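Visitor: Per the working numbering, the sequence shown runs over residues 267 to 321.
Think of the hints as simulated: they come from the structure by calculation, not from any bench. In this text the structure is predicted, and so the values were computed from the model without any measurement. One or more of the hints may lead you astray.
Label-pair ranges, simulated between beta-carbon atoms [stated by the list, open to error]:
no.: 1; residue 1: Ile293; residue 2: Ile318; range: 32 to 40 angstroms
no.: 2; residue 1: Asp319; residue 2: Ile293; range: 48 to 56 angstroms
no.: 3; residue 1: Asp319; residue 2: Phe299; range: 46 to 54 angstroms
no.: 4; residue 1: Asp319; residue 2: Lys279; range: 53 to 61 angstroms
no.: 5; residue 1: Ala308; residue 2: Leu284; range: 33 to 41 angstroms
no.: 6; residue 1: Ile296; residue 2: Cys272; range: 26 to 34 angstroms
no.: 7; residue 1: Ile293; residue 2: Leu317; range: 33 to 41 angstroms
no.: 8; residue 1: Leu317; residue 2: Ile287; range: 41 to 49 angstroms
no.: 9; residue 1: Gly307; residue 2: Val285; range: 44 to 52 angstroms
no.: 10; residue 1: Leu309; residue 2: Thr273; range: 32 to 40 angstroms
no.: 11; residue 1: Lys277; residue 2: Leu309; range: 44 to 52 angstroms
no.: 12; residue 1: Ile282; residue 2: Val306; range: 31 to 39 angstroms
no.: 13; residue 1: Val285; residue 2: Phe320; range: 48 to 56 angstroms
no.: 14; residue 1: Ile311; residue 2: Leu289; range: 27 to 35 angstroms
Here a beta-carbon is modelled for each residue, glycine too, at the ideal position from N, C-alpha and C.
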Amino acid sequence: MSKKVCTKSFKKKVGIALVSIGLGIIITVIIPFWGFIMVVGALLICLGFKLIDFH
267 MSKKVCTKSF KKKVGIALVS IGLGIIITVI IPFWGFIMVV GALLICLGFK LIDFH
């Protein structure tokens, strides 16, 4: 049986793959969530200005 050798290039490729997966999760989950919160906040501010104008 042969030994499995983890070379630097193999470790680098695995590291790049893990970073890519992590960035993909951040881009698809966290950023849209915060964007939704910002849109709701902007809508609440606009609604508040509309209510002030009517009274």
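Visitor: For each hint, tell me whether it holds in the structure or not.
Guide: To see whether the hints hold, each was checked on the structure:
1. Ile293 / Ile318: 32 to 40 angstroms: With Cβ atoms ~37 angstroms apart, the hint holds.
2. Asp319 / Ile293: 48 to 56 angstroms: Since Asp319 and Ile293 have Cβ atoms about 38 angstroms apart, the given range 48 to 56 angstroms is violated.
3. Asp319 / Phe299: 46 to 54 angstroms: With Cβ atoms ~31 angstroms apart, the hint is violated.
4. Asp319 / Lys279: 53 to 61 angstroms: At 59 angstroms between Cβs, range holds.
5. Ala308 / Leu284: 33 to 41 angstroms: Holds, since Ala308 and Leu284 (Cβ atoms, about 36 angstroms apart) stay within the stated range.
6. Ile296 / Cys272: 26 to 34 angstroms: holds (31 angstroms)
7. Ile293 / Leu317: 33 to 41 angstroms: holds (36 angstroms)
8. Leu317 / Ile287: 41 to 49 angstroms: holds (45 angstroms)
9. Gly307 / Val285: 44 to 52 angstroms: violated (31 angstroms)
10. Leu309 / Thr273: 32 to 40 angstroms: violated (54 angstroms)
11. Lys277 / Leu309: 44 to 52 angstroms: holds (48 angstroms)
12. Ile282 / Val306: 31 to 39 angstroms: For Ile282 and Val306 the Cβ distance comes to about 36 angstroms; the hint holds.
13. Val285 / Phe320: 48 to 56 angstroms: holds (52 angstroms)
14. Ile311 / Leu289: 27 to 35 angstroms: holds (31 angstroms)
Violated hints, listed in ascending order, are 2, 3, 9, 10; each of the other numbered hints is respected by the structure.
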